[in-house]
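In the order they appear, the protein sequences are chains A and B.
The numbering of the first sequence is the numbering used here, which starts it at 1 and goes up by one.
The numbering of the second sequence is the numbering used here, which starts it at 1001 and goes up by one.
Errors might be hidden in some of the hints.
Unchecked claim - Derived SDA-like pairs: lysine to any residue, alpha-carbon spacing no greater than 20 angstroms straight-line:
no.	chain 1	residue 1	chain 2	residue 2
1	A	Lys5	B	Thr1069
2	A	Lys91	A	Glu74
3	B	Lys1115	A	Gly256
4	A	Lys272	B	Tyr1228
5	A	Lys15	B	Ser1076
6	B	Lys1082	A	Gly256
7	B	Lys1082	A	Gly55
8	B	Lys1082	A	Arg99
9	A	Lys91	B	Gly1078
10	B	Lys1314	B	Ser1076
11	B	Lys1125	B	Leu1174
12	A	Lys82	B	Leu1264
13	B	Lys1314	B	Glu1222
14	A	Lys29	A	Lys91
15	A	Lys82	B	Lys1267
16	A	Lys15	B	Lys1267
17	B	Lys1115	A	Arg99
18	B	Lys1115	A	Ser9
19	B	Lys1182	B	Lys1061
20	A	Lys2	B	Lys1061
21	A	Lys218	B	Glu1290
22	A	Lys104	A	Lys272
23	A	Lys29	A	Lys104
24	A	Lys7	B	Leu1174
25	A	Lys2	B	Leu1120
To be verified - What follows is a set of in silico ranges between Cβ atoms, one per label pair, in the way DEER data are often shown:
no.	chain 1	residue 1	chain 2	residue 2	range
26	B	Ser1076	A	Asp26	30 to 38 angstroms
27	A	Asp141	B	Ala1242	48 to 56 angstroms
28	A	Lys5	B	Asp1353	39 to 47 angstroms
29	A	Ile24	B	Asp1234	57 to 65 angstroms
30	B	Glu1198	A	Gly256	39 to 47 angstroms
31	B	Asn1263	A	Asp161	50 to 58 angstroms
32	A	Thr68	B	Lys1219	49 to 57 angstroms
33	A	Gly93	B	Asn1263	21 to 29 angstroms
34	B	Arg1226	A	Arg139	44 to 52 angstroms
35	B	Ser1291	A	Ile24	25 to 33 angstroms
36	A	Ile24	B	Glu1338	52 to 60 angstroms
37	A	Gly187	B	Ser1262	45 to 53 angstroms
As the list claims (entries may be wrong) - Covered stretches of chain A, going by a simulated chain B footprint (3 or more residues, C-beta under 8 angstroms):
no.	segment
38	70-83
39	107-121
No lab work stands behind these hints: they were computed from the structure.
Quick reminder that beta carbons are idealized off the backbone N, C-alpha and C, glycines included.
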Amino acid sequence: MKILKSKDSEYEIKKGRILRVKKITDSEKLFEIVLPGGENLNHEPGQFVMISLLGVGEAPFSISSSPTKLGSFELVIRDVGKLTHALHRLKAGDEVGIRGPFGKGFPVHILEGSDLLFVAGGLGIVPLHSLINYAIDNRRDFGKVNILLGCGKPEDMLYSDELDEWTKRLDVNFECTVDRADSGWKGNVGLITSLIPGVNLVPVRTFAIVVGPPIMYKFVITMLLGKGIPERQILVSLERHMKCGLGKCGHCQINGVYCCQDGPVFSYDKIKNIRESI
Amino acid sequence: MERYVVLKEKYFNDFISSVAASGQKVFAPVAKGYNQYAFEEVTSGNQVAMDCIPTILPPKKFFMPQYETIATYDTSNGQNMKPVVEYENIVLFGVHTCDIAGIQCLNMVFSEHPKDTNYLTRKNKILVMGYECNSYCDEYALCRLVHNHLPNGGYDLFFTNLENGSFMIHINTLIGEEFIRKFKNFKEANDSDIQALEGLRERKRKIFAKNEVPIEHEKIPELFNRVYDSKIWDELGKRCVACGNCTNVCPTCYCFDIIDESNLDLKSGRRYRRWDSCQNESFAKVAGGESFRAERSARQRHRYYRKFRYPIEKFSRFFCTGCGRCSRTCMAGINIKETLIKLVEEQGMKNPDAG
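Chain B extracted, bound-state conformation:
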């Protein structure tokens, strides 16, 4: 039995304040100037940007911090190292379905043998409250194509604005259930609330009726089987400035480098992981100087294949969440939707009714 509760919109500010007042750190999208949003700590609901485009950085930054100490060391008496895990008990509010999908992808990667203790320890300390997008955030999104426009689990609680003065909340986990019990004003959902949710989802199915790229979801791997030698990668290569913005903002890009940072005594210090990018020229370079993806075109192609082709074999899902961040952030205007449309047209696989 699916379990739902409702919260009147007027109680929302109080809910977030009460969570913060209970000692839980709450992070949610906050407006940061013109059409820019970021997950930041909030203490009241009115700080939260409710219906916003995806934040600059996805919630990946909490699960896999940009800088993460994995060990401390002291070499005064040999190679002595202590592995550590950094974590924080936090609550996320306002995680869109695209970003929940991103967390699911990261969970798969870091749970796969050999598992990553650091990630898995931290993930269990984060409570995820999703928030539904009732319509498109903007023209960059392609969540319908990758089936992430509707909730597919991956959260503790999921809020939907019923547009009638109430939020409907899906309780997905026992942790979510126990969490919500601590706060007042949540009421059991009744039949009319369920009907309101169904009506909203029905309207959403019309809004998200067709794939943003005219190809069937199931045919995307086949498309990528064909386009490895496409000229379109050369075009991207000519425009790409290899800045790595696209991979930094991607909810499912998890590549990293490992670096030692010495303290001023030059004996002690820390070993940390830092986000890295396959778009950097040196990323696939070996000691002898050989670079296995020396061309920007090859590196862009690699990025697309890591979203649409390679993870199919390993994880049976796309690693593009449809959030559109890479397109929004690209200084050279490389747009994932446009690229996919060009690839589809080049291969004669266009189906304008796909969806």
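Looking at chain A on its own, in the form it has when it is part of the complex:
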């Protein structure tokens, strides 16, 4: 067996340096990462990167910052497995391996001129955070912006500083709800679906962007269709465990579609007949 150094391997990693780590809940941390030479990641909102710790492994993560943020990018990572546990032990100055960005993100230029309805459940706010900030940074390119957020308990709420800011902004309508409240919670209680009837929207000029756990899609999409939003104007991001990001390894396959290349963002009309999708 001969071994050749590969010059243009698809598995080559870039070295990312961690600029900042911020604990945001008991199980989630935000990582701000800089590429060599401060190079921009050049991603689209909704795309993902493969993050490596050599010797531990590699896994896909949604990019949570907007491409309008230059010089560095952010990930929000839940401590849930071997790699994420190791990532949670890293500090500013440590290195991680980066491949990507991969996949099809949200079609930002198609969204221009339309009203946006964001529906985020749980960790779904992480990929949506990228597009929401993109929309806020290019606010005049879009119509009305509604953001609905649902999560389990008040202490699970991510980005609490920014949520306060979104609440105050006059050009964004932000609502959130929790499944189970505690004594200090003064907001809505109930599932994310309870917020949808209250949204005032013009269905034909609205794009609904929905990201959350699989169970959420069925209920939310049914309600949005009921409101009259066309199927092609409902966008979702599907979670699968991409191992290669190159449309080869098979792990992210949804019927005939490779989520890592054809997605993770899909419009509902494209996936409604793909049985394993939602």
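With chain A's structure known, arrange chain B on it following the hints.
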């Protein structure tokens, strides 16, 4: 102009020995106990199992090794990684038409953008000599159904036993031509050799007259459009033990996992790809615990759709090569031919004359 040469059977052992003696590693099917064969290194023609059923593992193992280092790393001073390609200049002899089709499928997958440098580098270091099956290897084969019972390219050289004491060799590539020139006893084919080959192919058309499953080749995608909710998948799910044997032995199953393996210093190590199987429960699981094909029935269905339906859209061909390995190896007796027959009957699409 098709180019053919002939080699007398009595010179075959000498041919393989000469190739091995020239420093080329030769791999060919070798008998491994009762009705089991494996591609192994040979140094003489008499080690080669000439008319054998498909080997336990297909030649996929040379193109896409079960374990393949894709990078080495050293983290003593940050995340330092060197991507590598492992390859070997080898010669394969005795690749059946079903397995050549399997290599063609893998070539398509790994050439598709984004291409796979590792696979594509390795593939060009392997010389393929095919070998024709003059009749059925056994009752598991379904090569007629997927049109792989006759050679369709994909090789450098292709040997056919004319059953008259000679092999006819089709030279398909310049690499094949240059290779054969290095060895003696190959003679230009004459008209009677061509006639012998045509006669053999004519006899073969009679042997492989009908599809092994009573449905027209072209109607298979339509069959799979209809059977997604069939109860037959539940039956398979009840029998399947989720061992992954079927995908391991499949010439066109290429799914893999990527794993880091640390050296004892816990700083350096390698990142490698390893064959994985969509039949494993954890295959489509995400970090939150959700599994998108939790049921064995759904995973078996996925396997069949990956052979007969999904690749039609992307590659315009079936990814079942008809080799029958999945049926031969299944511990639960799941048989691809039987399953297809049941699906065809369930849908009333049976045509006993199809072929």
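Do the hints match the structure? See the list:
A distance of roughly 11 angstroms separates the Cα atoms of Lys5(A) and Thr1069(B); the hinted pair therefore holds under the 20 angstroms criterion. For the hint linking Lys91(A) to Glu74(A), the alpha-carbon distance of about 14 angstroms falls within 20 angstroms, and the restraint holds. Our distance criterion of 20 angstroms between C-alpha atoms is met by Lys1115(B) and Gly256(A), whose separation comes to about 19 angstroms. For the hint pairing Lys272(A) with Tyr1228(B), the CA-to-CA distance comes to about 15 angstroms; that is within 20 angstroms, so the pair holds.
About 14 angstroms separates the Cα atoms of Lys15(A) and Ser1076(B), which keeps this hinted pair within 20 angstroms; it holds. Of the supplied pair hints, the one linking Lys1082(B) and Gly256(A) is violated, its CA atoms being roughly 33 angstroms apart against a limit of 20 angstroms. Note on Lys1082(B) and Gly55(A): the hinted pairing holds, with a Cα-Cα distance of about 13 angstroms set against a maximum of 20 angstroms. Between Lys1082(B) and Arg99(A) the CA atoms are separated by roughly 14 angstroms; this keeps the pair inside 20 angstroms, and the hint holds.
Only pairs whose Cα atoms come within 20 angstroms are accepted, and Lys91(A) paired with Gly1078(B) is accepted, the gap being roughly 13 angstroms. Restraint check: the Cα-Cα separation between Lys1314(B) and Ser1076(B) comes to about 43 angstroms, which exceeds 20 angstroms; the hinted pair is violated. Of the supplied pair hints, the one linking Lys1125(B) and Leu1174(B) holds, its CA atoms being roughly 14 angstroms apart against a limit of 20 angstroms. Restraint check: the Cα-Cα separation between Lys82(A) and Leu1264(B) comes to about 19 angstroms, which is no more than 20 angstroms; the hinted pair holds.
Only pairs whose Cα atoms come within 20 angstroms are accepted, and Lys1314(B) paired with Glu1222(B) is accepted, the gap being roughly 16 angstroms. The suggested pairing of Lys29(A) with Lys91(A) holds, with an alpha-carbon distance near 11 angstroms, which does not exceed 20 angstroms. Restraint check: the Cα-Cα separation between Lys82(A) and Lys1267(B) comes to about 17 angstroms, which is no more than 20 angstroms; the hinted pair holds. A distance of roughly 16 angstroms separates the Cα atoms of Lys15(A) and Lys1267(B); the hinted pair therefore holds under the 20 angstroms criterion.
This hinted pair checks out: Lys1115(B) and Arg99(A) have alpha carbons roughly 15 angstroms apart, not beyond 20 angstroms. Taking the CA atoms of Lys1115(B) and Ser9(A), the gap is near 10 angstroms; set against the 20 angstroms cutoff, the hint holds. Using a Cα cut-off of 20 angstroms, the hinted pair Lys1182(B) and Lys1061(B) is violated, with the two alpha carbons roughly 27 angstroms apart. Among the hinted pairs, Lys2(A) with Lys1061(B) is consistent with the structure: their alpha-carbon atoms are about 16 angstroms apart, no more than 20 angstroms.
Proximity of Lys218(A) to Glu1290(B) is assessed by CA-CA distance (about 15 angstroms); at most 20 angstroms being required, the pair is judged to hold. A hinted pair counts as satisfied when its Cα atoms are at most 20 angstroms apart, and Lys104(A) with Lys272(A) qualifies at roughly 18 angstroms. For the given pair, Lys29(A) sits about 25 angstroms from Lys104(A) by alpha-carbon distance, which is inconsistent with the 20 angstroms threshold. Between the alpha carbons of Lys7(A) and Leu1174(B) the distance comes to roughly 28 angstroms, so the proposed pair goes past 20 angstroms and is violated.
Taken as a hint, the Lys2(A) and Leu1120(B) pair is honoured in the structure, with Cα atoms around 15 angstroms apart against an allowance of 20 angstroms. Our hint of 30 to 38 angstroms for Ser1076(B) and Asp26(A) holds, since their Cβ atoms are close to 33 angstroms apart. In this structure the hint that Asp141(A) and Ala1242(B) lie 48 to 56 angstroms apart at CB holds, the actual value being about 50 angstroms. Between Lys5(A) and Asp1353(B) the beta carbon distance is about 57 angstroms. The supplied range of 39 to 47 angstroms is therefore violated.
Ile24(A) and Asp1234(B) have their C-beta atoms about 44 angstroms apart, which leaves the hinted 57 to 65 angstroms range violated. Restraint check, Glu1198(B) to Gly256(A): a C-beta distance of roughly 40 angstroms satisfies the suggested window 39 to 47 angstroms. Judged by the Cβ atoms, the range 50 to 58 angstroms given for Asn1263(B) and Asp161(A) is violated: they are separated by roughly 43 angstroms. As the Cβ distance of Thr68(A) to Lys1219(B) is approximately 52 angstroms, the hint placing it in 49 to 57 angstroms holds.
Distance hint check: the CB atoms of Gly93(A) and Asn1263(B) are about 25 angstroms apart, consistent with the given range 21 to 29 angstroms. Range check, Arg1226(B) to Arg139(A): about 50 angstroms between beta-carbon atoms, so the 44 to 52 angstroms window is met. The hinted window of 25 to 33 angstroms between Ser1291(B) and Ile24(A) holds, with their beta carbons roughly 28 angstroms apart. Between Ile24(A) and Glu1338(B) the CB atoms are about 55 angstroms apart, so this pair conforms to the stated range of 52 to 60 angstroms.
Between Gly187(A) and Ser1262(B) the C-beta distance comes to about 47 angstroms, which sits within the given range of 45 to 53 angstroms. By the rule of at least three residues with a Cβ nearer than 8 angstroms to a Cβ of chain B, the coverage given for the segment 70-83 of chain A holds, with 3 such residues. Proximity of the segment 107-121 of chain A to chain B, defined as three or more residues with a beta carbon under 8 angstroms from a beta carbon of that chain, is not established by the 0 residues found.
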